Amino acid sequence: MILSLQNVETFYGNIQALRGVSLEVNAGEIVALIGANGAGKSTLLMTICGHPQPRRGSVKFKGKELVGQTTYQIMRHGIAQVPEGRRIFPKMSVLENLAIGATLADHKHYAKDLQEVFDIFPILAKRQSQRAGTLSGGEQQMLAIGRALMSRPELLLLDEPSLGIAPLIIKQIFNTIKMLNRERGMTILLIEQNALQALKIAHRGYVLQQGEIVMTGAADQIMSDPRVQAAYLGTGG
Amino acid sequence: MKNSTQTAAKKLSLPHSLRLAVLATLVAVVLGIPMVALGTTDQNGSLILVQRWPWLLWLAIVIFVGRLFTAELAAHGVVDSLKTWLSSRHPNRPKFRDRNPAILWLRGKLPEPTVTLLLLAFLLPMMPFTDRYSIDLATTVLIYVMLGWGLNIVVGLAGLLDLGYVAFYAVGAYSYAIISQTLGLGFWETLPIAGLLAALFGILLGFPVLRLRGDYLAIVTLGFGEIIRIILLNWQSLTNGSRGIGGIARPEFFGLSMSQTAGGDSSTFVDWVNGNLTMIGQWFGGSEAGLEAYRLSYAPVHRITFLYFVILGLLFFTDFLVRRLRNLPIGRAWEALREDEIACRALGINPTMVKLSAFALGAGLGGLAGCFFAARQGFISPESFTFMESATVLAIVVLGGMGSQIGVVVAALFLVLVPELGRAFADYRMVGFGAAMVLIMVFRPEGFVGERKPSLILGLVGKAKSKAKTKGVQ
Ligand SMILES: Nc1ncnc2c1ncn2[C@@H]1O[C@H](COP(=O)(O)OP(=O)(O)O)[C@@H](O)[C@H]1O
Ligand SMILES: [Mg+2]
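Chains as they are written, first to last, in the numbering used here: chain A, 1 to 237; chain B, 1 to 474.
So here's chain A without its partners, still in its complex pose:
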């Protein structure tokens, strides 16, 4: 078990966004966290990253307590995040974006890691001197993932990588996420509204509803659950 949350409660002022959330991610897994808009998925991811801090509960990464640490400290333990809405650095070039991702990694690996990111997303190699803000949405998402990979994480947190992206590209990005896990053994927590796609590549899943985990189990189990089918996958499945 690489990441574990126990009874995490997060508030925005007086509004409670997470209600006693417990969640586990084992090394080598893809865990999908699905839920409707406003369920608290991003809040959960950001709570892991220490911003906002949970009011109660504990977040442990490889056995160490993360609660109380600042975001930049937490990210240095080997966690990388692909934030909601990508948040690339628009005025800087693709190459610079990737280099910033590598700031805290050992410089020895830089060339090799860059090459690997370019192998995974060849389009980034072609666009490397282009301003990141001029990339298409899908390319920006690839850049955000590539930037996260440059820090050599042990755990990758992805917040809705399919948001606002053309279906064909979504497929490609999910294939990449699957490849990262299956071939490189990357541990991934995948947050998605796009439940079907996410559960297809995940090993296990959690369903978040109004700040509470309402269901958990193997991915195919969740996929075939009638309540999930009705709520997230359309009645037909």
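Heads up, some of the hints might be wrong.
[What the hints assert, rightly or not] Capping the alpha-carbon separation at 25 Å, the derived lysine to any residue pairs in SDA-like fashion look like this:
no.	chain 1	residue 1	chain 2	residue 2
1	A	91	B	442
2	A	91	B	446
3	A	178	A	167
The set of hints was computed from the structure by calculation and includes no laboratory data. Model, not experiment: these values are computed from the prediction.
Given chain A's structure and the hints, the job is docking chain B with the ligands onto it.
Leaving out everything else, chain B with the ligands in the frame of chain A:
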């Protein structure tokens, strides 16, 4: 893993550092007994032993404190973090032959535009049309370029709106004025001190404003600029208040005075040149009278030209420093912070450290400019450091195109020369100047040089393609 070793280091660092410090002190004392505490002097032809135990004590104290300090710095990851942020072991850095201006030029390529311009500026005093007034004016332009480059780090690169930049200029200027008059240090010794003091003030300002952004940051920095000016006005005993400080020593040229007469036991530049001229001339068999024609006689323009070369030298240094830093992780972090602070945190970047370094460096460069300003004017008073100066420098950065080195040069030329050329129009010149600024912002909202040059250059494109091909899909 990393964390546990780090916290362990923190918990245990003090005893460990103390041990290191004691060890270093012991070594110093053992070596110091024969080398420092005991010495020999010659007295009436016979060697006698002198004892200097207090010296040894001082040595021990300095070594102990110094070693403790460096050990603590290392234990708290400061050394590691410096390695992270200033590491230039970047495989994407251009090769030496692609960045050295002389080699570039020999290969028929122009070096960086700023380097090219500075090299051209070097020739200015040698032009036939150049007179005392134009060199003086050019020096003013160069001071503003220096200030612009300093503020550019804070505003242009790190995106922190600073309306009180003049404070650091003032700190640099007063540092030189006060240090040279009380401690008797010269310009070149004081220059780094003034820069460091200003950088320290930059950090002092940085701490309270770390959480502020945009408008709030602007207001607080504006206040800071005013506070410094008011302190300068009211701390009579140190700054002489509104009457200012006069008679500030001029820079020397390797110990040679650039004035007409030299004070103390130093000699003037002119005398030194003439002395050497005579000596060399006589080697070649010239007669004293024949050489007379070649002798240099003192002219005020020498000193003005010398000052011009001094600030030009400072600019070469600054340009190199800033361009270099921009290519290092720290420089990229400044720009990333300007673009998206939250994304920076998510990448493990500590915004506090990044912001403080930008403040410190920008302020330090302002301090260097201030030190030069004081040495050039020979007289400073709080009047030279009003908000108007901050506004002018900020205008230079914005007009030049935020973050652009060469843009600052263009804008400084424009902002200093246009009002100067407009002197003939007397009262209307500021109106015309304002109109010109408005027009520029209408037609070039990004500034003169709005295009941002990436800090990393292609280089892996070819490699990436060919490797991808040979490796195939993994
Ligand atoms: N910064 C914030 N301040 C106050 N409320 C917030 C903030 N961010 C999110 N919320 C609220 O918390 C709840 C969960 O939001 P979020 O985690 O973004 O959901 P999701 O990512 O699942 O769409 C929502 O009701 C949202 O309005
Ligand atoms: Mg969300």
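These are the hints, each one checked on the structure:
no., hint, result
1, A:91 x B:442, "21 Å, holds"
2, A:91 x B:446, "13 Å, holds"
3, A:178 x A:167, "16 Å, holds"
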